[in-house]
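Trainee: Sequence:
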Amino acid sequence: MTTTRSETDCALCAAIDALDQGAAGGRPDERRGRLRPGWVRRLRVAVADESGAATAEYAVILLAAVGFAGLLLVILRGDEVKSMLTDLVHRALTTAG
Numbered sequence: 001m002t003t004t005r006s007e008t009d010c011a012l013c014a015a016i017d018a019l020d021q022g023a024a025g026g027r028p029d030e031r032r033g034r035l036r037p038g039w040v041r042r043l044r045v046a047v048a049d050e051s052g053a054a055t056a057e058y059a060v061i062l063l064a065a066v067g068f069a070g071l072l073l074v075i076l077r078g079d080e081v082k083s084m085l086t087d088l089v090h091r092a093l094t095t096a097g
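1 is the number of the first residue of the sequence shown in the numbering used here; add one for each residue after it.
Check the hints yourself; a few may be wrong.
Said to hold, decoys possible - FRET-style restraints, in silico, Cβ to Cβ:
1. 59 <-> 88: 30 to 40 Å
2. 90 <-> 55: 44 to 54 Å
3. 93 <-> 60: 35 to 45 Å
4. 94 <-> 63: 22 to 32 Å
Derived from the structure by calculation, the hints contain no laboratory data. Using N, Cα and C, we set each Cβ at its ideal position, and we do this for glycine too.
Please build the complete structure, drawing on both the sequences and the hints.
Mentor: Take a look at the structure:
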């Protein structure tokens with residue numbers, strides 16, 4: 001699966017690169033506040049990884065479907081809707097037979 005980087009991802013990578021400048025060299029007091037070399041690679045992989053995106057999208061769709069079903073249930077339990085549906089079924093059965 002190929003991943004495309006959005007502008008946010010590129011901005012995060014640029015921030016990681018800025019933090020990474022000089023992480024491998026220099027005196028210990030110069031390296032303070034900078035990332036270790038192995039962490040830079042891990043951060044880049046974490047920023048580019050979209051492996052859980054589809055699962056999250058399915059979860060959002062499922063929650064929307066459950067909410068819509070709940071709304072339909074509330075609407076269909078109303079007395080006006082029940083009488084409308086009963087009349088519709090009654091008319092369909094009387095005209096057919």
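Trainee: Take the hints in turn and mark each one as holding or not.
Mentor: Cross-check of the supplied hints:
Distance hint check: the CB atoms of residue 59 and residue 88 are about 36 Å apart, consistent with the given range 30 to 40 Å. Checked against the given bound of 44 to 54 Å, the beta carbons of residue 90 and residue 55, roughly 46 Å apart, stay inside it. For the hinted restraint 35 to 45 Å between residue 93 and residue 60, the CB-CB distance of approximately 41 Å keeps it satisfied. Restraint check, residue 94 to residue 63: a C-beta distance of roughly 42 Å breaks the suggested window 22 to 32 Å.
Checked against the numbered hints above, the structure violates only hint 4.
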